[in-house]
Structure formats: C-alpha cells, structure tokens
Amino acid sequence: MARPTPLSGFPEWLPDGRVVEQHVLDVLQRTFELHGFAGIETRAVEPLDQLLRKGETSKEVYVLRRLQEDADDAAEGSAPQDKQLGLHFDLTVPFARYVLENAGRLAFPFKRYQIQKVWRGERPQEGRFREFVQADVDVVGAGDLPYHYEVELPLVMADALAALRDVGVPPVRILVNNRKVAEGFYRGLGLEDVEGVLRQVDKLDKVGPEAVAELLQAEQGATPEQAKACLELAGISGDDASVVDRVRALAASYGAGTDLLETGLGELAALVEAAARRAPGVVVADLRIARGLDYYTGSVYETVLVGHEQLGSICSGGRYDTLASDGKNTYPGVGLSIGVSRLVSRLLSAGLVTATRGVPTAVLVAVTDEATRGHSDAVAAALRARGIPADVAPTAAKFGKQIKFADRRGIPFVWFPGQPGDDGEADGADQVKDIRSGEQVDADAATWEPPAEDRHPRVVPAG
RNA sequence: GUGGCUAUAGCUCAGUCGGUAGAGCGCCUGGUUGUGGUCCAGGAGGUCGCCGGUUCAAGCCCGGUUAGCCACCCCA
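Numbered by the numbering used here, the letters in the first sequence go through residues 2 to 464 in order.
For the record, the hints were derived by calculation from the structure and aren't laboratory data. There is no bait here: all hints are sound.
Calculated cross-link-like contacts (lysine to aspartate or glutamate; reagent style DMTMM-like; alpha-carbon spacing at most 20 Å): (1) K229 <-> E211; (2) K204 <-> E310; (3) K207 <-> D287; (4) K112 <-> E102; (5) K112 <-> D145; (6) K112 <-> D160; (7) K112 <-> D322; (8) K204 <-> D194; (9) K207 <-> E310; (10) K204 <-> E220; (11) K399 <-> D378; (12) K399 <-> D435; (13) K84 <-> D50; (14) K229 <-> D203; (15) K405 <-> D455; (16) K112 <-> D91; (17) K204 <-> D287; (18) K405 <-> E371; (19) K118 <-> D91; (20) K402 <-> D392; (21) K118 <-> E132; (22) K204 <-> D295; (23) K402 <-> E371; (24) K229 <-> D206; (25) K405 <-> D17.
These numbers were taken from a predicted model, which means no experiment stands behind them.
With the sequences and hints as input, model every part of the structure.
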C-alpha cells in the first residue's frame, strides 16, 4: 500500500504531542470538577433537522450515511429528512437536546462539563480543523438563571487556563461584552438591524475603522454620525468599572441612552468588578466583541492567548435566554467552550510546551542474551509491581544499541541485569544507569526508586 | 464555496540554458573486542504527487487532476 498522505483538518499528534494534549484535558477536567460541574458525554450524532436549527447552516455538517442505504431506499423508499443523522459541530446543540430529553431527571440549575470531538466541514488552515476537541462548561436553569452565573463561568475558564500556566501556556485575556449594551446602544442611536451592525463591527480587526464606517453606511444604512458612534463604542475597553461610565457618557452625548443599555451596563459592571477581584488582569471589558451568532442575549466572551491574538479565540461563549425550550418550559444557560485542538496545536507548533518523553517507560531493562531474557522480564515485573513503568529491550543487541534504544525514546534509565559467573551464580549486582548523566549504580529491583519527576512523562515549558 | 501559492530521499530543502538525481539532518555498518551521545570512514534510501502533451531528450516547458499550505467567509 502506498504511503498515505495526511488528511488536512484532521489533526493527529505524535506520542509526545498526545502527552501534552492529555495533560491539557486532565487539567481542564480536574478544574471543572473542582467547580462542581458534572461530566457528561453525548452521542456523536444528532438528527439533521436538529443540527440545522436557527442560523446554524453556515456550520457545514457532516452527514452520516450507510453504504447500504441506496439498496435499502430502493426497497423501502427514501428515508425522511428528519431521520437523517449528522455529526455534531459543537457541544451546545447536543447539550440542549440532552437537557430537554432528561429534564425530568436533572436537577436545576444544572452544571455540566463535556469534552468531546466535534466536526465541521470547513476549509482547514492553521488553528482551524474539520475534526477537533472542544471542552465546554455550561450552567442551565429551568425557567430562570441568576445573573451571577454569567460572572462565574468565565472565571471557571480563567481558573482552568491559569492552571496550565506552569507548563508553558501563555497568559490569556478574556474579552467580555454584553449584548444588551450593544443592542441598547444601537437602538438608542436609531439603528434597528442590531445583528447586521454587530457583524460589521466584528470586522474591525481585519479591515480597520474606515472600512467598517463605510460598510455601516452602505450595508446598514447608517448615517456618518451613527457610524462614528458605533466605532467610538467599539473603541472602549478596560478592566475596571470606568468603562461603564465611558459608555454611558458616550450614549448620553448621542442621546442614545435606553433602559436596555442601562441594564446591560449594570451587568457588565458587575462582571468586571467581580473579575478584577477574583482573577486580576484576566478579564477585560471590550465593547468591540460582537460575536455574529444570534442566540446570545447577555454576556458574550472571547479569549485570546496573549502574544497569539492572530490565532483567534481559543475559548468563547455567552448567555442564552433560550438554550433549550420544549414550548412549555424554557431553559436559559450560560457557558463557554475551549477549542482544545486549536490551543494544543499552537502550543506544539510554536514550541511553547513539550513533553519530557513520548513513551511512558521510565526504565528499559537490558537483555544480556536471549537465554537470560527471563531474568530481565522478572526485573521489569518487579518494577511494574511497584508502579514504575518498565519495558524490556527488544533484542539482546550490544549494550550500546540498547542504550540508544532508550535514548531515542527519552527513557531515562537503563537497567543492566547482573552477569552470571562461571559457576552459574550471579556475579555482581544489577545496575541501573541514568543515561542523561551517565551515572551507574548497583540497584535492587525490589527497592530501587527513580526520582519522582522521572517516574512518568511530564509536560513542561519548551526551550 | 472563492482566490493565491506549493508538490524532488524518512525530515528540511537545492537542482543553472531542457541533457541519465543533490546537500544537510536522520537511519544502518565499522573504528570501539557487550555501555549510547562527540569524532572519523563507509553504506542504504527516489514512480521528482498523478495523468496526458511538446521535444531527439522533461524534475524543469504546456494542459489537466489530486493533495497540501495561506487568505477570504465563518468560527474553537
């Protein structure tokens, strides 16, 4: 078989990269559980009509189809559209379905985390995949959901990302805004197409203020005055409650104050104040954050890695007044999603984080000759019995080659079984060599301990 | 879905005017007689993405195709 080429957009890491990814996943799970979120996993597929609800058509859905389907269809007639299955493109839609399906068995407010692969049929590029891992936390209420959860959720993520700092993950900045502020301000100005204005403002980083001003006038029918006001709002950012005063003053100067704006500003102030206290320097109010998605109704969040802003957001989310609804009951929610694959791919490609080795093995037991392999196996078994990952050399090659075998894999220790003497008795003790220092000492497999930091692969800052 | 760029050894890449395929790193063997890394010597490894065309002759020129990368769109 010819050598296969990699499939673009379906990332696969080498073993040492997987060690890094697994560490990130472990830290996220641990942090989410520390904050009281229950873990769930939903199936990979949802009915296609569920996935294509409201404004989600842009996320290209992979459809699941059986190879035999054509034959079956011929016999039974075409499968109805609503029975078709698609792979989920995020974890929010499946979660909303799960909440409705299990509403009677869940206790609200329900806090859950969910770490799974998702699929999107988009054109891949750096930090952008067709198959990737998301780690979501959400809180969902029945009927209502107190505002303070909009403060707490980003702080959970701040905590999780801070827990990764010591392995070399750069600091993060969580940018927050509030839909009520944007909507209240735009409506106060007389701009009714809030969604359209948000989409134009969202392009600010890419095309610059002049182009956005032109777009607002050309596409949204804004006056030059209104466009200028939108840009001034987008220019406001800061990590304390003074941003709220600046927005209020700006609105007043345009006569654009509304009740909705005031409500949003009150929420934004509460968030910024709490964040300044609980995670100083991480959360920044940024009135430019729009997020094109139409279902957010309160706080919205985006997170950038400091120094890697070009990568885009690695963790986003917001408040939904209607995360799920069965027509009778409404379940509001707030949550965020970390793009684990995007984060890990940057950590690896930029050489920020590395694993001390790609194999779990701490000790390679050398084989003197095939006749005494049993002795080497016994040494490895003794080490494993005490929780020390050990492997036995594949061949009784020259010791130089066996050491090289360990070196190539990053295995820190090579164990040399004692040599049998002429009379068949053991002639000298076993020895263990630290191949990094070259130090070699007598050792007993029943008692020897590697340094704690060598026992398992570790994830450390690179360079 | 739109646009641009690229494709040569395991990896990163050279390859002049169209004239029988190169380097560095890695790998294997030996120097080192059971202890790696440095050094020295030697060696293996190629469908030049694929299909077709032009030509006496194509890695190189032309057409197509596939894949990859980047940007747009959108988003984790």
